[in-house]
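Novice: Spelled out from the first residue to the last, the chains are:
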Amino acid sequence: MKKATTLRSRHPLPVLATAVALVFLYFPILVLVLNSFNASRYGASWEGWSMRWYELLFSARSRDIWEALQRSLVIGVAASAVSMVLGTMAAWALNRYRTRLQKAHFGLIYLPIVAPDILMGISLAIFFVTLDVERNIGAITVAHITFCISYVALAVLARLQDFDGSVVDAARDLGANRWQTIVRVVVPLLAPGILAGGLLAFTLSIDDFVITFFVKGVGSDTLPLKIYSMTKHTKEMPVINALSTLLLTFTFAVVWWVQRLSRARAVA
Amino acid sequence: MGNPRRQPNPERRNEWWTTLPSAGWLLVFFAVPTLLIVVMSFKPAGPYGGFGEGWSLKAWADMAHPSYPAIVWRTVWLSVAATIVCVGLGLPVGFLLGRADEKTRALLLLLVVVPFWTNFLIRVYAWKVLLHPSGYLRETLVGLGIIGENTLLLYNEGAVLLVMVYAYLPFAILPIYASAEKFDFALLDAARDLGASSIRAFWLVFVPGVGRGVLAAVVMVLIPALGSYIIPDIVGGPAGEMVGNKIAQRVFIDRNWPHAAALATLLMIVTLLPVIFAFVQQKRESVPDGSRKGGGKATA
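Protein chains in written order, with my numbering: chain A, 2 to 269; chain B, 882 to 1181.
Hints listed in this document are in silico derivations from the structure and should not be mistaken for laboratory results. Just so you know, not all the hints are guaranteed correct.
Derived, one-sided and incomplete: chain B residues facing chain A with beta-carbon distance under 10 angstroms [as the list claims (entries may be wrong)]:
1) Gly971
2) Trp998
3) Phe1001
4) Leu1002
5) Leu1018
6) Leu1050
7) Ala1106
8) Asp1114
9) Gly1118
10) Ala1129
As a list, the in silico DSS-like pairs of lysine-lysine whose alpha-carbon atoms are at most 27 angstroms apart [unchecked claim]:
11) B:Lys1009 with A:Lys233
12) B:Lys939 with B:Lys924
13) B:Lys1009 with A:Lys236
14) B:Lys1063 with B:Lys984
15) A:Lys104 with B:Lys1164
16) B:Lys939 with B:Lys1063
Built from N, CA and C at the ideal position, the CB exists for glycine as well.
Just chain B, same shape as in the assembly:
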């Protein structure tokens, strides 16, 4: 690009004029409200909901109540498990997409993306109907003798995990595919020629080869999973509650804002960890590897 880096007046002014609208908007409606949450968590609860005068650590002290560590733990393990399953299934699918011919690939990609365009709520709700005590799936499974007469498929951690995998699977497939598209599949033949089995070649050559896509897939699945609200709300019941549900209860049921804010701050810290990890990892990788960024965002 022809423009010099530091031209004092007009360029500098142009930069401000093009930056200000978006930056200003996001400062006011994203950064400030987010900081407000952190501040709010150090306020005392108001007598009639909302928040009171002065400062207090009560909301944070309340986090020690035994029900909270259990919920945080459930949120983390369910999200990590969903991420592992999504990436595990996304790898072979991405592999197939990466080496399919043009026509098959376009069709498969379309099939993976179309469920995205169905309302998220409706997709989650579809599972509620399926897993319902009188739904087809349970009847069939009971009929086949796979599950007992009294087993419930709905309202437990398993249901939440299943539907999370369902909802976030495309988020894992797309970035892995984006990397697989640039992967040189001849490397696999080389590995085979050198005596590796297909599975070994897949594992030791393909998986590290699409590492960047896997990393993007982990972030794309793990973060929305950690912040899940609808899925545990619809198919989880009290036994499948996650941090998101607790935040909503504090806001809508007891209107205890400081409490909700402390939970939200906790969730913020937990979600920032994988982002920072991915960021550091990408910085480290970008030095020896000259290729362009993975472009893993779900802009499809």
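Chain A with its partners taken away, still in its complex shape:
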């Protein structure tokens, strides 16, 4: 209702600013997609349509790109699974108890979100080296879990705000033991928050460059690290364009699918 009153005389500035922002956000991505079909190696001029970069991407010469992607997926799944468990427990404690312990707990959850990546990266790197821990895929996963827990905790905490605590008491009164209450009542009710948090954790893990860059040892490149080393070698630039275009298409497809799914559910 409050929106109907503002229909008269709209200033063009907000529309203009939004248009500028969107063009700004999409322009480089658009050029990148176009360049992935550009026969030219340097993308400076248009030399006709070509699929050669895609062919190169799927040839044996690009095998390490796919190995890096696989490594990224394994780390992403492991990190989001562990952080979903730890983050959900954290959110539960933060929501249920109002003690001094929880104040400190909240600080521990909140600080990793505001700390710049590079600080977390260098401190974990020095920590691992000091303890003489082998900096392999396991160390990278530990690092990823560390920055993912907080995001899951906050997502579940948001869901807990309108969680009715009395259902837990009801379940217990009806004879469910603690484990049954958790598995059959609490987790299903919190599932949307846990999944949203897990999805965010997975995205952050797949996207992370800086922390992995500092933590990793020799030879365990994740996809972002592989892309980084490719950007340093001009010769391989167009292959990145092709890979990015495929990843973009995939992202758009997933987003579109999720949108459709949630719309279908809203109708049903």
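Based on the hints, put chain B in the right spot on chain A.
Specialist: Chain B only, in chain A's frame:
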């Protein structure tokens, strides 16, 4: 919630069992390593990299070398400038999002969020291609006579600022939108009826009305900007280096850990200031204003 605040045994034990996993993990892998950095900055550098025995203030004394204050200053001004531009652009966009109808809003939000799901590195790299000496953008600008034949778009502070704004703009739009959604737009009409121009009404009524969102936007942009590493590394070159790049050089090139640790501690202090400021500001505001927290985190 039905449970009493202080029940001695079982509740207390449950609390510990649910708190311990996350708190323990973050203590070991976040708090301890962070403190380790501060301690490390007071160690002497090792002869073959790493760190040596005993204690030393050398790493901190080295911070006085003229190149460091210049880099810290560049880091701060570039981050503040990026924050101002992002919030400046985020305000009108948040305004539009706040009063658009349901359908338009969903579409616009999606358009703002989708670039988030593209690899950060790839987005930064896309700008490198665009700004490249032989890229379209420079050719077009030279062709139009806007820039000279010898102007370089890449490897300077301007390029770093541009790409920072690009990368962090959604971080400014989302919290401002979250506040604008709760803003009563009828207030703007009231201001107009009382004779304020649209611009004045926007500035004096809307902007203070979404103050909480603006504050969240400032923190969300300023902090990652201060810790930037990839952006100056890819588009900045030596003329656009920031503190993050210096930390990486100390770690990877000379393996001088105490030096890297001192730089990291410095960065930690600089980034903590806006967090503390925002925290104090929010505490002060939360007393008269009964509304819920702004929910500004980028959980979209």
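Novice: The structure should be examined with respect to each hint, and the outcome stated for every one.
Specialist: Do the hints match the structure? See the list:
Given hint, Gly971 (chain B) at the interface with chain A, holds; its Cβ is 8 angstroms from that chain's nearest Cβ, closer than 10 angstroms. For Trp998 (chain B), the shortest C-beta to C-beta distance to chain A is roughly 5 angstroms, which falls under 10 angstroms, so the interface hint holds. Interface restraint check for Phe1001 (chain B): the shortest CB-CB distance to chain A comes to about 6 angstroms, inside 10 angstroms, so the restraint holds. A least Cβ separation of about 5 angstroms between Leu1002 (chain B) and chain A falls short of the 10 angstroms threshold, and the interface hint therefore holds.
Interface hint at Leu1018 (chain B): satisfied, since its Cβ lies 8 angstroms from the closest Cβ of chain A, which is below the 10 angstroms cut-off. A hinted interface residue such as Leu1050 (chain B) counts as satisfied when its beta carbon comes closer than 10 angstroms to some beta carbon of chain A; here the least separation is about 6 angstroms, so the hint holds. Hint on Ala1106 (chain B) holds. Least Cβ distance to chain A is approximately 9 angstroms, under the 10 angstroms limit. Annotation: interface hint on Asp1114 (chain B) holds; nearest CB of chain A at approximately 9 angstroms, less than 10 angstroms.
Interface hint status for Gly1118 (chain B): violated, as the beta-carbon distance to the closest one in chain A is roughly 13 angstroms, over 10 angstroms. At its closest, the beta carbon of Ala1129 (chain B) sits 8 angstroms from a beta carbon of chain A; the interface hint therefore holds under the 10 angstroms criterion. As the CA atoms of Lys1009 (chain B) and Lys233 (chain A) are separated by approximately 11 angstroms, the hinted pair is consistent with the 27 angstroms bound. Between Lys939 (chain B) and Lys924 (chain B) the alpha-carbon distance is near 8 angstroms, which keeps this suggested pair within the 27 angstroms criterion.
Using a Cα cut-off of 27 angstroms, the hinted pair Lys1009 (chain B) and Lys236 (chain A) holds, with the two alpha carbons roughly 14 angstroms apart. The hinted pair formed by Lys1063 (chain B) and Lys984 (chain B) meets the criterion: a straight-line CA distance of about 17 angstroms does not exceed 27 angstroms. For the suggested pair Lys104 (chain A) and Lys1164 (chain B), the alpha carbons sit about 15 angstroms apart, so the restraint of at most 27 angstroms is met. For the proposed pair Lys939 (chain B) and Lys1063 (chain B), the alpha carbon gap of about 53 angstroms is over 27 angstroms, so the pair is violated.
Going through the hint list in order, the structure does not satisfy hints 9 and 16.
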